[in-house]
Amino acid sequence: MLSCQRASQLISDRINRRLSVRERLSLRLHTLVCKACRTYHRQLELIHRAMQHHGIGDSDSASEFAGIQLSAEARDRIRKALDQRV
Amino acid sequence: MSDSDAAQGEVLSDPSTWLDDHGDYLLVCAVGFVREIDKAEDLVQETLLAAVKGWAQFEGRSTVRTWLIAIMKRKAIDQLRQARRHAPKRPKALSESALSNWTNEQFQSSGKWANPPRSWPADAAASIESEEFRQVFADCVSRLPARGVDALRLSHHQGLNSEQIGKLLEVTPSNVGVILHRTRLALRHCLEKKWFGAENAGRKQ
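In order, the protein sequence lines correspond to chains A and B.
Residues in the first sequence are numbered consecutively from 1, following this note's numbering.
Residues in the second sequence are numbered consecutively from 1, following this note's numbering.
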């Protein structure tokens, strides 16, 4: 049976990759009987949502750059650079 | 139009339309990486230049936009790797070795939690939307090692996989997983201490 230490690593891994069948099964067995790890999983999910809301990065928030577009000046500049290349 | 017809249409698409068709979208992605408008515009430019140069290699297996984003990711990784070498100091941040030691202390030798996570109050989920929480969150992030913050941000917002993040942070992909794990443990702990588990103000009533 997985230890909580190992289970917590897998709970984290699962956010970023597909667990193998074996990993998935062992984790499920563990969390079935371990309230602490179930709680940990829920709390990581909430933190995940918080990151979606607020962004992450030391001083800026996710909404700082929402909906930005290339300025006309930037467009011109880039177009010129591309035209030179082609 | 079938998928392959659409892809064919894109293979035949004209690079000179890419700036119009994809420029704004690329900019939004770029700021996700470099966090400054000027640098983001440069990244868009670099990406489009590289795409024009490498157009012959595009086989139409993905859409043009997907392909452009893939190019941007590679460019961004290179840029960010350079930038990390001159990153500003973060005085409140834990060192990585301190974080590693701390992580080990979170578990007993049996592998059980030393301090098992306990449930947070019922209003925890609603509380994350507040400005007060945002400040506490930013404060907790400032205490994490830079590599951990980068790994979290890039995996979360930019959808980079462990191999790509590994290239950027100059560690192996499985090390990326370890970094993410430790960072999340520490972030959760800080948030519990300063917000979710805090008994007094800071949390709205």
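Note that these hints are calculated values from the structure, not bench results.
Certain hints may be false.
To be verified - Derived DSS-like pairs: lysine-lysine, alpha-carbon spacing no greater than 27 angstroms straight-line:
#, chain 1, residue 1, chain 2, residue 2
1, A, K35, B, K194
2, A, K80, B, K53
3, B, K75, B, K39
4, B, K89, A, K35
5, B, K53, B, K75
6, B, K194, B, K75
7, B, K194, B, K53
8, B, K112, A, K35
9, A, K80, B, K75
10, B, K89, B, K75
11, B, K39, B, K89
12, B, K167, B, K75
13, B, K112, B, K194
14, B, K53, B, K39
15, A, K80, B, K39
Checklist entry - Which earlier hints turn out false for this structure, listed by number in ascending order? => result Hints 4, 6, 7 not satisfied by this model.
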